[in-house]
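Asks: Here is what each chain is made of, one letter per residue.
Number of protein chains: 4
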Amino acid sequence: MLRFDSDYMEGAHPEILARLSAMNLEKMTGYGADALCGQAREKILQACGCPDGEVYFLVGGTQTNATVIDALLRPYQCVLCADSGHIHVHEAGAVEASGHKVVGLPHRAGLVDADTLRAYLEAFYADPTYTHMPIPGMLYISHPSEFGTLYTRAGLEALAQVCREYGLYLYLDGARLGYGLASEASDLSLPDIARLCDAFYIGGTKVGALFGEAVVFPKTGICPHFFTTVKRHGALLAKGWLLGVQFDTLFTDGLYVRIARNALLQARKLRSVFLTRGYRLYADSPTNQQFFVLPESDAKTLAEKVGFELWARLENGEVAVRFVTSWATTPEQIDELAKLLA
Amino acid sequence: MLRFDSDYMEGAHPEILARLSAMNLEKMTGYGADALCGQAREKILQACGCPDGEVYFLVGGTQTNATVIDALLRPYQCVLCADSGHIHVHEAGAVEASGHKVVGLPHRAGLVDADTLRAYLEAFYADPTYTHMPIPGMLYISHPSEFGTLYTRAGLEALAQVCREYGLYLYLDGARLGYGLASEASDLSLPDIARLCDAFYIGGTKVGALFGEAVVFPKTGICPHFFTTVKRHGALLAKGWLLGVQFDTLFTDGLYVRIARNALLQARKLRSVFLTRGYRLYADSPTNQQFFVLPESDAKTLAEKVGFELWARLENGEVAVRFVTSWATTPEQIDELAKLLA
Amino acid sequence: MLRFDSDYMEGAHPEILARLSAMNLEKMTGYGADALCGQAREKILQACGCPDGEVYFLVGGTQTNATVIDALLRPYQCVLCADSGHIHVHEAGAVEASGHKVVGLPHRAGLVDADTLRAYLEAFYADPTYTHMPIPGMLYISHPSEFGTLYTRAGLEALAQVCREYGLYLYLDGARLGYGLASEASDLSLPDIARLCDAFYIGGTKVGALFGEAVVFPKTGICPHFFTTVKRHGALLAKGWLLGVQFDTLFTDGLYVRIARNALLQARKLRSVFLTRGYRLYADSPTNQQFFVLPESDAKTLAEKVGFELWARLENGEVAVRFVTSWATTPEQIDELAKLLA
Amino acid sequence: MLRFDSDYMEGAHPEILARLSAMNLEKMTGYGADALCGQAREKILQACGCPDGEVYFLVGGTQTNATVIDALLRPYQCVLCADSGHIHVHEAGAVEASGHKVVGLPHRAGLVDADTLRAYLEAFYADPTYTHMPIPGMLYISHPSEFGTLYTRAGLEALAQVCREYGLYLYLDGARLGYGLASEASDLSLPDIARLCDAFYIGGTKVGALFGEAVVFPKTGICPHFFTTVKRHGALLAKGWLLGVQFDTLFTDGLYVRIARNALLQARKLRSVFLTRGYRLYADSPTNQQFFVLPESDAKTLAEKVGFELWARLENGEVAVRFVTSWATTPEQIDELAKLLA
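Chains as they are written, first to last, in the numbering used here: chain A, 1 to 342; chain B, 1 to 342; chain C, 1 to 342; chain D, 1 to 342.
Bound conformation, chain A alone:
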């Protein structure tokens, strides 16, 4: 069946699999202390323009968010995010599991803007009872957001400025970062992100890897003993070199962004397919997640032949649906979808 359910349905980019296979029986040191991990870290720091930073490899996104947030916050602190933030909605309370409240903020298609953040913080500290509430210690953002939308450089700078004023860490969830970096709609580069955020992660699972997320702390020392915190969260892969070889491959010759471009290309075509058939956008995403409004009956018919996600029930018998492309999506798959919709 034709499937656009998500961007983590395939395995790894063939170059990764080839390297994994080639070294399969080599004996490697465990827990990320091997040379390949070291090399991958250097390439990532170079791509981020922060050679003195730190990089850690974890396995999955929820795990990464929970570990980083737990590591950076003090017990009395909460984390702010968009009401739609993944940590708030779809991580089964993993952040609360380490004792921190997640506080949702209003957003525009998944993006929090600096004015909203500032207004929230001003009101928070103006409340004479604020010491009876968890103190905001971090802003969590997703880039691309859960709606596929992107922060601009100016937007992120403004957020970073508010965070600095109020003593919040700025943490960026880059589960789909490649699809953001590859977007022509975005003026936000990896070095920008490294300059503005206190921590972020570069998603592998959804962008070419079998699995794996690379946490970057652009400034060293922000998070002492993070290795032990990773272990404590059950997030330390014994065969850490599996992550090293994947990220080393992704960060060699720009593979990470290069393969992301294909997803965007196919996403634009997919978008045209829907728009030319008269459907309208539910959210205007310049990345690999595309959202459309369909009559429920159309969605039902389509669902018999195509996999996609039912995003929300709207009024008037309409639904919002999500279609996702990936680095592995082929033009033929889009063509087939077009035929089905014709």
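Hints are not guaranteed to be accurate.
What the hints assert, rightly or not - Restricting the straight-line Cα-Cα distance to at most 20 angstroms, the calculated cross-link-like pairs of lysine to any residue (SDA-like) are:
| hint | chain 1 | residue 1 | chain 2 | residue 2 |
| --- | --- | --- | --- | --- |
| 1 | A | Lys27 | B | Met1 |
| 2 | A | Lys43 | A | Ile259 |
| 3 | B | Lys300 | B | Ala320 |
| 4 | D | Lys27 | C | Asp335 |
| 5 | A | Lys27 | B | Gln333 |
| 6 | B | Lys27 | A | Glu336 |
| 7 | B | Lys219 | B | Ala160 |
| 8 | D | Lys27 | C | Leu302 |
| 9 | A | Lys300 | C | Gln333 |
| 10 | D | Lys27 | C | Pro14 |
| 11 | B | Lys43 | B | Val257 |
| 12 | D | Lys27 | C | Glu332 |
| 13 | B | Lys27 | A | Thr129 |
| 14 | C | Lys27 | D | Glu15 |
| 15 | A | Lys300 | C | Ala126 |
| 16 | C | Lys300 | A | Thr129 |
| 17 | A | Lys27 | B | Ser6 |
| 18 | B | Lys27 | A | Arg3 |
| 19 | A | Lys27 | B | Glu332 |
| 20 | C | Lys269 | C | Arg280 |
| 21 | C | Lys27 | D | Ala160 |
| 22 | D | Lys27 | C | Gln333 |
| 23 | D | Lys27 | C | Arg3 |
| 24 | A | Lys27 | B | Leu2 |
| 25 | A | Lys300 | A | Glu318 |
| 26 | A | Lys27 | B | Glu15 |
| 27 | A | Lys27 | B | Arg3 |
| 28 | C | Lys27 | D | Phe124 |
No lab work stands behind these hints: they were computed from the structure.
Got chain A; can you put chains B, C and D on it based on the hints?
Replies: Positioned in the frame of chain A, the structure of chains B, C and D alone reads:
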């Protein structure tokens, strides 16, 4: 360099890698809901003789222990284990991270016996202040233990009996279970374990898989919503089918135990190499971890050419060392070691 | 200065202080095992009409909520409450500290109604991704609510019915329960609450005690080893008899409700004072918390001479304010307020 | 019945009760923001010789330990203490509840010495796998210890030195601090403790207060937002002035140490009673807890008429017992005990 540091230095058994490669670009449903995971679960339950049980696939051992223990215990409960238990010693406080005290018990070479357990529990409940202490809710055992030793069927039956009397869950950490099942020294089968334990896991990382551990609850319903608990622990792999294909391969035609036998064969040879050179055992292990006593100077010389683990500093200038074989260890590697020791 | 800031500004009802003083040098058994605690428990269970239930005495409200919620929920569960619920807003993340998400629901003046709850739960379980979210395990309600409002018997029955259908515990925070029981506007008795709720607490701190809250589990066995959980939360008072003597006094000859009636009487007078001066209600409360809308300038002038709480900033230069009476409020204090407002 | 079970069997020193009664109906600001709390804080800081420190009032000892330890440690850290430490043995896992492992060290009658600590830390950091273990972040000591014994100034200085070298906080549990300060056997003053420890608490519950413990951070800023952490732990008393008036009384004219002296005087007499009857000491305590070895039959006979604690079962039919005096113990009670033993 010749390396016997651990049993997680290589990748996966070639059959696993071949299957992964063959299906790399197939689009698979996420989070373990795919058909391969289903098939692997069935094979495992059949091998365990508990067709109505439940199986969940997680990524690593510390993660698995922390998730299962958190899922089964109530907040006021602690988990008992050998003083040498992995959860007590080398998991960075992952169990305490979910709020449970780990209480160490005396052991013989990593094994807790039923009399020790009973004596502890009798004394615990005889103490009039016991309600001011965490109530024992689980016994954690490792099989093989951290010293490579094995429980007998009678030994496990006796432990299970005490656990039932005192309302403790019996949970078996099978990180190296294959090496226990393959051992001729053991009369403990998978169905025995499934009959006697409330939960256990079958380790993949150290026995042929790239990574992955299969949690088995022999009786269904013991742990409602365990899927959500796994997600909450950041232990849910997005591409769950990666685990499905690995365990399906390992549990087809007895591959899991078959490849474990090689490790035991090489371990016996390795043991002879040391014993014939006049070194003595530090612990008497019938599995793939072998422990020897060496003069510190011998250990130093050897360490220049061979990787192994320094286990403990002893008196009189001696040290205990650990050598580990795996499914992938070759006879040539043992021969080479023998030459170096000659 | 005239003060209506809260209902926990004074010490204890004089009868309590007299008994405490009389027994001050008696040697009492610790941790609530004394005869006075036993006697107080019996009186409470009798007043609740559930002689086979269990009663535990804790010190404060946030502590009580955190302890009961932690004791009843499993790790994968969240607690639902009104968006205005005290645990959600003013307890510094104490519930999240034990790993549980707090999920806010729409409310009318602090009250959640059964239809809202049912609609939320239907939508929750209709979402195909619900297993990636914390599973609702409890409904928390406050009675009186944070707005001084009260559930009716029919309203609570309807909530209890939905909770039973969806497997939620129903837990009632009775920090100000006395003021609810004493209200003529309410048809909800202690036996009703005990019949409909799985757990609730009878607040002492705000209703005549120096401090102390009595947790009631109407059915025994719902919460094994709760004593140890209380200790683990640091909520076990060494001199537990201090709580026993207070609750024994409050539940002798109906003192608890009797003294609450005075607060309601003074609250009605206070309300008249504001209404006759042309101010309007912000929320219509039949209990001891009263809410009014004032021009900000009036509030500022008044604040120079009277203590009260600024509740919310409204539009058009108005503010909402809260005035609270207690068992100890005197008619003279209301008269004085009336003069100040004249 | 004559009772020497513990030092928290009576209420409060009469001066405290008198002041509480006198101000019972005064309206006081909540949560420790009142003038009495401010005044008590100043007196305590003055007595400690650290006028720029911070003082917080909590309700009980387990709560205080759990709150301070959680506030000071990072998630990856554990706390070290004597194997007999109260947090390790009798606090129902309250420290683990906030995610921190408690690691026991060998001790002499409850006291950890600097050499033991240093040896442990040297071995810890010499272990190449130490990053897989919780990193020591604090040393917890009790003074007097659980055996009534006392640190000397030199002993505490040596511990503090090791803590500084290894980056550990030094935290002193002073549940019975008054009985240590009053002891002529001790050269350790409050200013010494404040100079050497990063945090400690002055116990009220066992030394003259109804309840209450005063946490002292001798250097300000060590623990930002501690107020919110206290609230999050359910440890913030609404009527905080109840704690203020008690500590203000105890720290006026040296009442705290003065009343402790009586307990020591009676303890010395009690000790003579046993020694002159030929019983021997189980531990040699210079404070208000006294430990003796008795034939089990003697203990049983005595227990019919006197309350005391069975401390441990020894060999040869002997038991260790604990007798505790308090500020309220009278000479007559000792005389009566002497008669019973005659």
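Asks: Holds or violated: Lys27(D) and Gln333(C), Cα atoms, limit 20 angstroms.
Replies: With a Cα-Cα distance of about 12 angstroms, the restraint between Lys27(D) and Gln333(C) holds, given a limit of 20 angstroms.
Asks: Taking only the CA atoms, is the gap from Lys27(D) to Arg3(C) under or equal to 20 angstroms?
Replies: Holds. Lys27(D) to Arg3(C) sits at ~7 angstroms (cutoff 20 angstroms).
Asks: Would the hint linking Lys27(A) and Arg3(B) be met if the CA-CA limit is 20 angstroms?
Replies: 7 angstroms, holds
Asks: Does Glu332(C) sit within 20 angstroms of Lys27(D), going by the straight-line distance between their CA atoms?
Replies: Between Lys27(D) and Glu332(C) the Cα gap is close to 15 angstroms, so the pair holds against 20 angstroms.
Asks: With the threshold set at 20 angstroms, check whether the alpha-carbon distance from Lys300(A) to Glu318(A) stays at or below it.
Replies: 11 angstroms, holds
Asks: Is Lys27(C) close enough to Phe124(D), meaning Cα to Cα at most 20 angstroms?
Replies: Judged against 20 angstroms, a Cα distance of about 46 angstroms means the pair is violated.
Asks: Verify the proposed pairing of Lys27(B) with Arg3(A), using a straight-line Cα cut of 20 angstroms.
Replies: 7 angstroms, holds
Asks: Regarding the pair Lys27(D) and Asp335(C), is the alpha-carbon distance no greater than 20 angstroms?
Replies: 17 angstroms, holds
Asks: For Lys43(A) and Ile259(A), compute the direct alpha-carbon distance and say whether it is at most 20 angstroms.
Replies: 17 angstroms, holds
Asks: Would the pair Lys300(C) and Thr129(A) pass a check requiring their Cα atoms to be no farther apart than 20 angstroms?
Replies: The given pair, whose Cα atoms are some 18 angstroms apart, holds under the 20 angstroms limit.
Asks: Take the C-alpha atoms of Lys27(A) and Ser6(B), compute the straight-line distance between them, and say whether it is at most 20 angstroms.
Replies: 10 angstroms, holds
Asks: Below or equal to 20 angstroms on CA atoms is what counts here, so check Lys300(B) against Ala320(B).
Replies: 12 angstroms, holds
The earlier numbered hints that this structure contradicts are 9, 13, 21, 28.
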